[in-house]
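Q: Sequence:
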Amino acid sequence: MFDAPAGLGAIASCATEVALPATGTWSNPGKGGAQADIVITASEEGVPPLFVEIDNCFESAQVLAA
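Residue numbers (numbering that gives the first Met the number 0): 0 to 65.
Think of the hints as simulated: they come from the structure by calculation, not from any bench.
One or more hints might be untrue.
Said to hold, decoys possible - Quick list of simulated restraints, FRET-style, between CB atoms:
{"#": "1", "residue 1": "Gln61", "residue 2": "Thr22", "range": "32 to 42 Å"}
{"#": "2", "residue 1": "Ser59", "residue 2": "Thr15", "range": "12 to 22 Å"}
{"#": "3", "residue 1": "Val62", "residue 2": "Glu16", "range": "16 to 26 Å"}
{"#": "4", "residue 1": "Pro20", "residue 2": "Ile53", "range": "18 to 28 Å"}
{"#": "5", "residue 1": "Trp25", "residue 2": "Glu52", "range": "13 to 23 Å"}
Everything numeric in this text was worked out from a predicted model, so none of it was measured.
Backbone N, C-alpha and C define an ideal beta-carbon position, used for all residues, glycine too.
All chains, full assembly: derive it from the sequences and hints.
A: Right under this line is the structure:
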């Protein structure tokens, strides 16, 4: 397995549909929390987590990917 360039973290540091609990715990989120479509971390480079929510109601898949 190859790691990404510095600042991007390993491929394993990307997760999808991550619960961001407003109540409950990380392993058992309660009602009312949000979900991030993508969470990317590169803590080994000192980069804070990036939480991405994508709403594709108005944009095409090509625009979202860009």
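Q: Please write out, lowest number first, the hints stated earlier that are contradicted by the structure.
A: Violated: none.
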